[in-house]
Each structure stands twice: as C-alpha cells, then as structure tokens.
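*Asks:* Letter by letter, the chains look like this.
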Amino acid sequence: MSQTVIEVSHLSKQYMKKKVLDDVSFKIEKGVICGLIGPNGAGKTTIMKILGGLVLPTDGSFKLYESSSNEDLAVAHERSRMSFIIETPYAKQKMTAKENLEKIRIMRGIPNKERVDEVLKLVGLENVGRKKVEAFSLGMRQRLGIAMALLGKPEVLILDEPVNGLDPEGIVEIRELLLKLNREDHVTILISSHILSELSILCTHYMFMNHGKIIKNLSREELDHKTRESYHIHTDDDARALAILQNTCRIEKYEVEDDGALRIFDGLDQIRDISKALYDEGVIPLELTPVSANLEQFYLDSLGGE
Amino acid sequence: MWNVCKSIHYAILRDIWFVILLIATLLVPVLELLFTVGFYHLQELTGSEYFAEVVPASGMPFVFLSVMFLVSRVAGWDQVDKTINYEILSGKRKAMSYMGRTLLSILWALLIYFVQKILPGLVFTILHGWGNMCPANEIVLRMTLVMLPLMRMLCFMIFFIFLLRESMKAFILAVFCVLELPVLLIKIIMDALKIEKETFLWLHSNLAADYLTGFSNYSFDYVNGEDVQVVKSFLQMNVAREIVIVSLVFSIIYLILGYVSFSKRDAR
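One line per chain: the protein sequences are A and B, in this order. Its first residue numbered 1, the first sequence is counted upward by one per residue in my numbering. Its first residue numbered 1001, the second sequence is counted upward by one per residue in my numbering.
These are computed hints drawn from the structure, not numbers from a lab. Just so it is clear, CB atoms sit at the ideal spot from N, CA and C, and this is done for glycine as well. Any given hint could be a false lead.
[As the list claims (entries may be wrong)] Far from chain B, some chain A residues (derived; all Cβ distances over 10 angstroms):
1) T4
2) G165
3) H232
4) P290
[Claimed, not checked] Here are the simulated BS3-like pairs of lysine-lysine, each with C-alpha atoms no more than 25 angstroms apart in a straight line:
5) B:K1264 x A:K98
6) A:K19 x B:K1264
7) A:K18 x B:K1264
8) A:K132 x B:K1094
9) B:K1264 x A:K17
10) B:K1094 x B:K1082
11) A:K153 x B:K1094
12) B:K1082 x B:K1006
13) B:K1082 x A:K153
14) A:K131 x B:K1006
15) A:K253 x A:K276
16) A:K131 x B:K1082
17) A:K92 x B:K1169
[Claimed, not checked] Partner residues aside, some chain A positions facing chain B, computed with beta carbon under 10 angstroms:
18) M16
19) L56
20) A91
21) V128
So here's chain B without its partners, still in its complex pose (with noise of 0.2 angstroms):
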C-alpha cells in the first residue's frame, strides 16, 4: 500500500492541476484574511480573534471545495488514464490500490485543511499573542471535531469517484448536485419550518463543520483593565457528540460502498 502511495505522490506532483490547488491553498487564507478583517487590522490580529471571526467568517467552504478536488486529482485521475490498471496488473490486491488512494487523500487533506485554516492562526498567535476572545481549549476541540465532517465528505468523494470512476466530472458533479444543492435545500425547509440549526447537523457534512466552526453570541469582558470583545457561544455536547458518531458512520459507509464498486466491478 505504501508503494501504491509513493507512486501515486510521485505523479500527483506532476500534474498541472494538483500544483494549481496547492498554490490555491497558499493564496487562500491570505485573500480570506485581507477580504475578512483588513490589512491594518492584520498588524494587531491575535490567535483567538482569528479563530472567533476570521474563521466563522470565511467558513470551510473552500476547504471543502480544495478537498474535493484533491480527492478527484489523488484518486480520480488514474481512472480515467487507466493507469490504475498497471497496478492490479503488477499484483497489487485492489484493496490496497483503493486504501492507497484513501490514505493519500486523508494526509494530504489535513495538510490542505492544516494550511487553510490552522496555520493562519498559529502564526498570529506567535506573532500578537492568544489574545482573550475566546479559550484555547475550546477552539482546539472545535478544530478537531470539524476534521470529521472534513472526513465524511471525503469519504463521500472517494465513493463518487470509484463508482463514476471520472476525475473532473466528478468533481463538477460532486460540487453543483451533491455539495451545494442539499445545503440550499435543507436550509431553505430549515428556515420554512423554523427548525433550530442543530436538528439537521448530522444530514450534511458541510452544515456540520458551519457549527463547529460558527461563533454567534459576542459580548464584552472586562479583561486586565480593559473592555475586550469575547464569545460565549460554547459547544453544546450532545450536537457535537452526535456530528462525531454520524461523521465515523456515513464515513465507513461510504467507504465500503467505494470499495465494492471498484471490487465487484470490471476495470476499464
């Protein structure tokens, strides 16, 4: 399987289109940062306001969006080149070439998801401090949770990609009827029926990392002295145990459904 890995690293860091998505992913949180809070504000921004605004701010669909392609690129492209073949044909069990392919997308997903939203943070939290919006600890478990959701769509995309075995089709596919369209349907019966926000967590994977990711009540403290915007809207338990148990669930499913379209089924 690591070979499977290696090769598939070795090409995806030849194609166009990977590199076009990794420059992406650089220029991402920079344009969001510039767009979100401004350059003067930039020079004073503190690890915990990021988090608290520019994160809730600029959401995770991008995150989303580069992801999915990723997965398109790192799982898709062999298929429609069929140079998936060579490796069945080189006695890989097709297991491995299916679990390679999932691998390498989770790794590099973390690193897209790491790079667009975490290391922004980091680096204003070495350069002005935590600051006082809003505590680590609760913006560590958020960060955290919001990388199952992350999974489950991944998951969602090997599934799309093995079944349709397309690459950009796919990905086109993926975005306008799987990703976009369900969000903008279930927030519209949401909104006709004046159901609370967490009911209709677990349905879609994207809704789930806007909670995780979402701040809503802003209030001032008095903090060493002085009055300091803070968020109070903290993490209710059960929503976020329940994101968990259905991101793992919908996550395997997704998986063993891919696999038994790449197994049961005759190569191109």
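Bound-form chain A, shown alone (with noise of 0.2 angstroms):
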C-alpha cells in the first residue's frame, strides 16, 4: 500500500475579502510526480506557501507524512525531509552560488562538505566560480534554486515554476535530473509550471485549479482516458457518413470538423459495428483513429468548463 506524504483537508486561505484557496483538499503518495495546473491568481502558490508554513491558512490543515499542521513542531521536523523552491528562489545577492549554498548547508546542519560542489555540478553552475548571484540570470538563478533544493537530498521536492527562465537545453537538462530524482531515489514531486508540453512528459498526476479551488485530479492513465476518447473519422463522403451515424448507430455526441470529417464522442465501444455499418451503406472509411486531446487542450476545457 503506497504512503500518503502530503494530504490536504479543506484548506482555505482569505486575505482581507478575497479567497485565494477555497475549501482544497488532496492527497498526493509517495512516488508520484503531481502537475499543479492554473492560471496566474488560482492558488497554486498559495498552497505550497502554506505547506512550506510560510503562510498560515484561514481555514482546514494539512498533513506531511503523519504529522498534522496542528502539531508545529512534528510538521517542521517532516519538512526537514522535503525542499521547496517558491517564486524566484531566494538568495544572498552579493554572495556567490556557492556561499549560498554553504549558507545553507549550514543551516540545515548537513555535516558533508562535499555536496556543495555535488549539487553545483548536478545543475550546471561547477563553472560560476567568483560570481555573484546578482550578476546571474534568471536561468542561472533558477539552476541555484534547484541546487539549493537538492542540497538536502530531500524525500519530497515542491517546485513552484522550477524551469522559468531556462533556455529549452536547460529545461530538459532539469527535466532529466527530476525524472531520474523520481526513478532512481522515489524523490515524490509536486510542481506547477506553465509549460504544459513539460508537465505532460513529466508527471505521473495532474490537479487543475481556478479561481482557489481544484477542478480536476486525475491520475495520467485517467488523463490519457478521458483524453482519448473520441474517435476521427473521416471518410469519402462525410456528409453521408454522419447521416449513417446518425441514423443507424445512433450516435449523438459528434462535432463536424473544419475539413468535413467527423469525430464522435459515444459510441466508442461499438466501433468495429460503425465501421461495418459504413462498409455496408457503401462508404469507404480513409481514416478511424482514436484522438488523444492533449495536456493543454484539456487544460483549456475544463477552464472553460468553470
């Protein structure tokens, strides 16, 4: 039975009349790499704040591990076992990468000397030598928000835009050592982003969120469900394959697409008896594939199903 690390009960969060977080509950097991999905504004932050304990919710609590939100010294021991990088990492700006890091190693009391360098060369900045953080790009801060994360060789990672910034070599370069965080140590991940095309290949679970609350939370295999089923036919005549549809299988969730062809939405079982039918009214299916709505366009619908 897998372990639960995060589970969140109808967490809200309220500043002055606005509700950032309105009544949000999840859970997210061990392993997992969780995609948080959402406008600018929808309260993905706002939820890796509060687990972070930089923000203190209105309302409901949250569990890391077995350790409650209401236990503050349990809570702050499990988050010793997880790193965060939220908004644009925070960082001495007239201190190099590697003070930074050093800073924080002696912070977290972690006695190996060595890892500095390890997780500069993991990230790319071995090379930075002298420079100061001020002087860096957004890429390279982003790097060193990584490495800082890293540092730690947590169990949990939570990244709030972790690849803003980086050049595309960067962004599979960071996609790689998540996914190999994920294979090789079951480094459970949470992680918004706006480049949906990365969540896509990245994550193992999706949750969509809009105006506070969550939308969806389904599984990838759900995703690739709910995604593929529909079917694009197209054929030499569509206007009376639609009539044959129509008519004889009883189809009725279909749209008709800028070419003509057709894409059917129920039904889908049946399609060996459709593509009968259409044989035996004289009509030659060309094509009769099943279509995989992607991460975005389903990211679109279900805000436009809001």
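Now that you have both chains on their own, put them together as the hints suggest.
*Replies:* And the structure:
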C-alpha cells in the first residue's frame, strides 16, 4: 500500500475579503510526480507556501507524512525531509552560488561539505566561480534554486515554476534530473508550471486549479483515458457517413471538423460496428483513429467548463 | 538554533556593511580617546581614569548606534532578501529562527560593547595600572549594569525589525524616530519641570546608560603622598535596582511582541 506524503483537508486562505484558496482537499502518494496546473492567481503558490509554513491557512489543515499541521514541532520535522522552490529562488545577491549553498548547508546541519560542489555540478553551475548571484541570469538563478533544493537530498520536492527562465536545453536538463530523482531515489514531486508540454512529459498525476479550487484531480492514465475518448472519422463521403452514424449507429455526441471529417464522443465501444455499418452502406472509411487531446487542450477545456 | 546562528554568522561575515561596522568598532575607541584626553595624556592614563573620565565624556551613543546597526544586519538582512524563508521551508521552527537571530545579536552586541568600552580600560590598566580615581568594584558594577539597558534597546530593535521586516530602513527610522526623539523630549521635559534625572531613567534605555556610565562628583584626595583627582558619586542602589527591573521587563516584552509579529503573520 502506497504511503500518503501530503494530505490537504479543506484548506482555505483569505486575504481581507479575497478568497485565494477555497476548501481545497487532495492527497499525494509517495513516488508520484504531481503537476499543479492553473492560471495566475489560481492559488498554486499559496498551497505550496502553506505546506512550507510560510503562509498560515485561514481554515483547514494538512498532513506531511503522519504529522498534522496542528503539531508545530512534528510538522516542522517533516519539512526537513522536503525541499521547496517557491517563486524566484531566494539568495544573497552579494554572495556567490557556492557561498549561498554553504550558508544553507550550515543551516540544515549537513555535515558533508562536498555536497555543495556535488549539487553545483548537478545543475551545471560548477564553473561560475566568484561570480555574485546579482550578476546571474534568470536561468542561472533557477539552477541555483534547484541546487538549494537538492542540497539536503529531499524525499519530497515542491517546485513552483522551477523551469521559468531556463533555455530549452536547460529545461530538458532539469526535466531529466527530476525524472532521474523520481525513478532512482523515489523522490515525490509536486510541481507547478505554465509549460504544459513539460508537465505532460514529466507528471504521473495532475491537479487543475482555478479561482482557488481544485477543479480536476486525475492520474496520467485517467487523463489519457479522458483525452482518448473520441474517434476521428474521415470517409470518402463525410456527409453520408454522418447520416449513417446518426440514423444507424445512434451516435448523438459528435462534431464536424473544419475539413468535414467527424469526431465522435460516444459509441466508442462499438467502433467495429460503426466501421461495418459504413462499409455496408458503401461509405469507405479513410481514417478511423482514436484521438488524444493534449494536456493543453484538456486544461483549456477544463477552465472553459468552469 | 545553533545551526541558524552559524549560518547567519557565515553570511554576515561576508556582508560589506557588517565589515564596515567592525572596522568602525575598532576605530571608535581610538578616536574617543584622542578627542577626550589627547595623545599626550594617553601615555599616562590609568584604568580608573579611563572609566571615570573617558567613558563618561564619550558616553554610550556610539555603542547604541553600533548595536542597532548590528541588529539591523543580523536580524533584518535575511528578511529583506527573504532568505529567512529557507529556514522555515527547511523545517526550522519560527521560534528557532527568531531565537537564533536574537542570540547572535546579543553575542555580537556584547563583543562590540566590550571592544568599544571595556577593552581600552583593560589595556590602560595593564600598561599604567588601575590608579586612584575610583574603586574598581564601582566600575565593575556600573559597566555590568549598563549591559541591561543595552539589551533592552537591542530587544526593542529586534521587535522593530520583525515588525517592519526591513533592515536599513528600520535602522534609520529607529535612530531618528525611536532613539533620538524621545530622549530629546524627555530631556526637554526634565529641564522645563526641573525634575531630577533619576526620576525618568526607567523611561529610556539611553538615559539609563548615561546615568550608569556618568560621574558627577569629582574632587581631590591625598593618596600616597600626593593629591589625586577622585570621583565620589557612587551608584544609588534603588536607582540601579529600578534600571535592572525595568530593563529586564521591557526586554521580555519587546521579545514577545517581536516573536508574535513574526509567528502570527505570513512570510513576505
């Protein structure tokens, strides 16, 4: 049985009259990579800040491993097993990357001094030398943030826009690094990003947020299933094909695409019968393929349904 | 908490403003000596003359300013760049972050106080002896007690910084609006109403420090066959007790208020 690493129950946060989190509940199991997806202001960062102890919830509670947020000491201890990157990585601007990492190493009580060089190499910052953080590009700062997060060999990573500002090569490197951590060290990851193509490669679970609420929470398999639940049908006579689908096959949910081809959303388990019916009526199917909408389309559809 | 202290210590030693403060701390006693007794008299200045003449003349303002600046760097710097957030995210309790900064501020404040006010006296005692100007136990008592108003001011500064979550702005604001203005007002009121100095000492840590380091009754005694200048204004125990109690009570209140301000608010 898999272990629950994060459990959020009826969490709410209100600033003055504005509710930024509204009765949010979810669980994250050990070993998953969960993508938190939503527009700006949806409440993604607020959830992460609450889990990190930076923001106090107005209502509700959460558990990190077995420790409840009501137990200050215990939940703080569980946080020491986790690492967070929230917003732009916080760093001393007048210090070098190595000095910043050394400060965190001392603060976290990590005895191994070589660990600083290890993580610098891991994120590709081993050659920045005496360059101060104030002279870093956004991408370099992000890499430093990731290095800071990895310093303590965390069991859980909570990452808010970690690839923001990275070049395409950097994005691939970080993705590979996160996948490696997940596969080899079973690191659980909660990640938010606006680069949905990245999340679709990386994540095993998805949570969609809007207006402070979780509007969808599903696994990759469930998402695949949902996005595959249609068939693209293109025939030598699409108009006749549509009449056959409506009258013979009793298909009610469909759409006619711009090129005249059809997309059906029900009767998917009768696709052989549909194919046969078309042949029997003398209509030749040229294409009959399951369609998988991508994450981006699914996200936009989900927001549209709000 | 020790790890928090050590990590802040690691960072502030790389802070240019902190380095400037340390250099100033070393220069200040030298300048104070040169301005109050002059280079010629330095060659025969005894320990008791240093504590009874130089310290009252120079007073405690620079120690206070130095400590305020120190606290603004130790407790405020990480709040400006939000690196304090890493401590909480790494599983340090807010109480540990708060106490770590307070403890480190106290340790550095005591060191600054020692270097600026005590060390020169020890050096002159070693070089030229204690002398006859005042008894050593009176000086030990006064210089020990003066640490309490200093701590009170330090705790106020901690509270102020955790309230404003700023560093340099909090320092400047504290100097002009908190440290100087009330002292000026209290002194004006004391002069206008012809109230004795001791009556208002509990009101402000700076006044209490001035009282503890100051001497008023200078006269001459015949010691070892020669006339020597001595001071005879000994510390009034009831005033000292009042300063101790008020300093401790205010320090605790400020520390509690500072912690409440830190723990009950969202991070920036």
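*Asks:* Hints first: check each against the structure and report whether it holds.
*Replies:* So, going through the hints one by one against the coordinates:
In this structure A:T4 is separated from chain B by more than 10 angstroms, as the shortest Cβ-Cβ distance comes to about 19 angstroms. Look at A:G165: its CB is around 18 angstroms from the nearest CB on chain B, clear of 10 angstroms, so calling it non-interface holds up. Once the 10 angstroms rule is applied to beta carbons, A:H232 is consistent with being away from chain B; the minimum gap is 47 angstroms. Distance check for A:P290 against chain B: the nearest CB is about 44 angstroms away, which clears 10 angstroms, and the non-interface claim stands.
For the hint linking B:K1264 to A:K98, the alpha-carbon distance of about 33 angstroms lies beyond 25 angstroms, and the restraint is violated. Proximity of A:K19 to B:K1264 is assessed by CA-CA distance (about 19 angstroms); at most 25 angstroms being required, the pair is judged to hold. For the suggested pair A:K18 and B:K1264, the alpha carbons sit about 19 angstroms apart, so the restraint of at most 25 angstroms is met. For the given pair, A:K132 sits about 29 angstroms from B:K1094 by alpha-carbon distance, which is inconsistent with the 25 angstroms threshold.
For a cut-off of 25 angstroms, the pair hint linking B:K1264 to A:K17 stands: about 19 angstroms separates their Cα positions. With a CA separation close to 14 angstroms, the supplied pair B:K1094 and B:K1082 stays within the 25 angstroms bound. In summary, the hint linking A:K153 to B:K1094 is supported, as the alpha carbons are separated by about 22 angstroms, within the 25 angstroms threshold. Taking the CA atoms of B:K1082 and B:K1006, the gap is near 18 angstroms; set against the 25 angstroms cutoff, the hint holds.
Taking the CA atoms of B:K1082 and A:K153, the gap is about 22 angstroms. The hint holds against a cut of 25 angstroms. Taking the CA atoms of A:K131 and B:K1006, the gap is about 24 angstroms. The hint holds against a cut of 25 angstroms. Distance check on the hinted pair: A:K253 and A:K276 sit about 19 angstroms apart at the alpha-carbon level, within 25 angstroms; holds. Restraint check: the Cα-Cα separation between A:K131 and B:K1082 comes to about 21 angstroms, which is no more than 25 angstroms; the hinted pair holds.
Restraint check: the Cα-Cα separation between A:K92 and B:K1169 comes to about 18 angstroms, which is no more than 25 angstroms; the hinted pair holds. With 10 angstroms as the threshold, the beta carbon of A:M16 stays out of range of chain B, its nearest partner Cβ sitting at about 13 angstroms, so the hint is violated. The closest approach between the C-beta of A:L56 and any C-beta of chain B is roughly 6 angstroms, which is under the 10 angstroms cut-off, so the hint is satisfied. With its C-beta approaching chain B no nearer than about 7 angstroms, A:A91 sits inside the 10 angstroms limit, and its interface hint holds.
With a least beta-carbon distance of about 16 angstroms to chain B, the hint placing A:V128 at the interface is violated under the 10 angstroms criterion.
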